[in-house]
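Visitor: Letter by letter, the chains look like this.
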Amino acid sequence: MEPVILLIVGYVVIGGLLACFAAHLLPVGGAPAAMGTATGIATGTVQIMLGAAMTGLFTAASVDTFTDSLLLVTLSGAVGATVMICVVMFMANIIYGFGAGIVPVSGRVDVDPITKEPQAPYKTPQCDGHGVPIVVFVSGSLGGFIGGFGGALMYYTLLNYANFSAGTAAIGAISIFVANAILAAYNIRGTIEGFHDPKFKRLPYALVASFAVSLLCGIVVSLTAILGGTL
Amino acid sequence: MPIEVVLLFAWMLVIAFLAFIACTFEDLESDIGSQSNPNSQVQLAAQVGQINRFFNKAISGEPLSNAMYCVTAGTIAWILLMQLEPLVPGEEWKAAVLAIPIGVLGAVAINMIFSTTSHCGRTAAMKRFEQPIYLDVLYGHLIPIGAHAFMTTFCITWIAYIQSNIGTLAGNPALDHPFALPLLCFVWGITVGSIGSSTGDVHYGTEREFQDRPFGEGKRVVYHGKITRYASCGVRTQKDIAGFCAKFGGPCTGMTFGLIILFTNWTTLVGMQLGGFLPNLPAFTAIGDMAAIWTIVLGLLIVAALAVGNLIFVKWVRKKCGPFVGV
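Chains as they are written, first to last, in the working numbering: chain A, 19 to 249; chain B, 1146 to 1472.
You may find that some hints are simply not true.
Unchecked claim - Result set (DSS-like, lysine-lysine): computed pairs, CA atoms no more than 25 Å apart in a straight line: (1) A:K134 / B:K1460; (2) B:K1371 / A:K134; (3) A:K134 / A:K217; (4) B:K1384 / B:K1371; (5) B:K1392 / B:K1272; (6) A:K219 / A:K134; (7) B:K1272 / B:K1371; (8) A:K134 / B:K1464; (9) B:K1392 / B:K1371.
As the list claims (entries may be wrong) - Beta-carbon label-pair distances, calculated as ranges: (10) A:G28 / B:I1288: 37 to 45 Å; (11) A:D86 / B:Y1284: 30 to 38 Å; (12) B:G1467 / A:I132: 32 to 40 Å; (13) A:I132 / B:V1193: 38 to 46 Å; (14) B:S1205 / A:F116: 28 to 36 Å; (15) A:I132 / B:K1272: 22 to 30 Å; (16) B:G1291 / A:G28: 45 to 53 Å; (17) B:T1261 / A:G208: 48 to 56 Å; (18) B:R1273 / A:Q144: 22 to 30 Å.
Hints in this document: simulated from the structure, not taken from any laboratory.
In this text the structure is predicted, and so the values were computed from the model without any measurement.
The C-beta atom is built at its ideal place from N, Cα and C for all residues, glycine as well.
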């Protein structure tokens, strides 16, 4: 077996695990967040993770045209995804604040672990929090960074080690990314606020499943590269 | 500064402006059809006895449906471009002026077909709750949905066209983005839907759907399904809602996508400029690495600025609104 195959499978597995881990860090509010009934971003896990990963991938692909450094390409993908998620969370807060007069509040903790500000007195009864408070913003930024890093790592691997074309590498990386984000969505079951949420403790189960899926994806990518004659 | 570099920055600003328009209309289009997350309330309304005249199209999550329209438009445009560009050598943009609107019209036709089947299917399934299919609601909303979708898809396809040809347009073909036109349509279709879903829905779902409930509180679970069905004059349909959301939610959503496009392109271009990569393009050297490092540093600075801005805003809004005082 050629060492490069091990490299492809290894990086795809790492990228997949990071994608799954990142999805647990994102503040996913789902449909309730659109009504200000739950904390987080008002959309599903896969939807927001995919949006962030796409932006990261675009930046990584741009940077990949002028550098061949693995670290720089993946870091630029990570930063691109973080910028996307930060702008979304900030603007969501603007709409919550000015459009609906709602204060960003965590529903899972009584005191914000970062700013130490009380949360419970600001919360509307019968709601699971609302808006994007500070701890959730920090968690979401970390999620964007890690997810973008994972996505860009897979893109770089497919492009430069498996020698796919830029388009095929992008579609391949996003496909593996989506599979892992969906696994995370099953694990999250609805809404999650981030690393301080009790649901975050379910992470190991998702990582085991993600490892299996990513390993399979890595093998398929290697087989495609060998059979396609690019390796 | 060489003209190629100036043109690159100018095209980047055009792209950011198109992104602003695209996402504004994307959000309004989803509000008119009540697609995405607030759709759960329209769906629930009939089940809790609230017969309504809302348009109910939940084709799929917004990212996927928008990606579908944009890729359809991009693919049709791309095929037409390959046929038309040889006819106008040296002035390829003339082919794009014809090809892109035709592609977008195809995508809009698909959108309107999906809207019709989705609305009729969903509403027919509520027969047991005695929710009728109002034909005037169906006919009256299809054109606004199509018009807004046209704007979104049109702008996204132009963004993809400009990005896939940005080097050629600025005078240096080596700077074209490596992704083909339909793939860029896919990337930005997913992203525009993702942002329209996560940001814009809040104004429609939290405020407009529950406008007769107290302002300044999250919408409690007991309110769910009991949407505001009456406008200031007569029964409310989504035509009123588009006008309302266009005043705040839509532009905010547009700004979100516009800022994202601006930041991601700006950091890359400024990084290339600061690293000394433009306009000479020495590929895969230390200069390229330096450009990438600048891109990353600038991106991190923007992230830090956003984090600080959010911290200040959250503290301000907490102080301004104060603790919850209702019952």
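Visitor: Now tell me if each hint is right for this structure.
Guide: Taking the hints in turn, this is what the structure says about them:
{"no.": "1", "hint": "A:K134 / B:K1460", "result": "holds (12 Å)"}
{"no.": "2", "hint": "B:K1371 / A:K134", "result": "violated (36 Å)"}
{"no.": "3", "hint": "A:K134 / A:K217", "result": "holds (21 Å)"}
{"no.": "4", "hint": "B:K1384 / B:K1371", "result": "holds (19 Å)"}
{"no.": "5", "hint": "B:K1392 / B:K1272", "result": "violated (35 Å)"}
{"no.": "6", "hint": "A:K219 / A:K134", "result": "holds (22 Å)"}
{"no.": "7", "hint": "B:K1272 / B:K1371", "result": "holds (18 Å)"}
{"no.": "8", "hint": "A:K134 / B:K1464", "result": "holds (15 Å)"}
{"no.": "9", "hint": "B:K1392 / B:K1371", "result": "holds (24 Å)"}
{"no.": "10", "hint": "A:G28 / B:I1288: 37 to 45 Å", "result": "violated (53 Å)"}
{"no.": "11", "hint": "A:D86 / B:Y1284: 30 to 38 Å", "result": "violated (57 Å)"}
{"no.": "12", "hint": "B:G1467 / A:I132: 32 to 40 Å", "result": "violated (21 Å)"}
{"no.": "13", "hint": "A:I132 / B:V1193: 38 to 46 Å", "result": "holds (39 Å)"}
{"no.": "14", "hint": "B:S1205 / A:F116: 28 to 36 Å", "result": "holds (30 Å)"}
{"no.": "15", "hint": "A:I132 / B:K1272: 22 to 30 Å", "result": "violated (51 Å)"}
{"no.": "16", "hint": "B:G1291 / A:G28: 45 to 53 Å", "result": "holds (48 Å)"}
{"no.": "17", "hint": "B:T1261 / A:G208: 48 to 56 Å", "result": "violated (31 Å)"}
{"no.": "18", "hint": "B:R1273 / A:Q144: 22 to 30 Å", "result": "holds (28 Å)"}
Figure legend: structure checked against the earlier numbered hints; hints not met, in rising order: 2, 5, 10, 11, 12, 15, 17.
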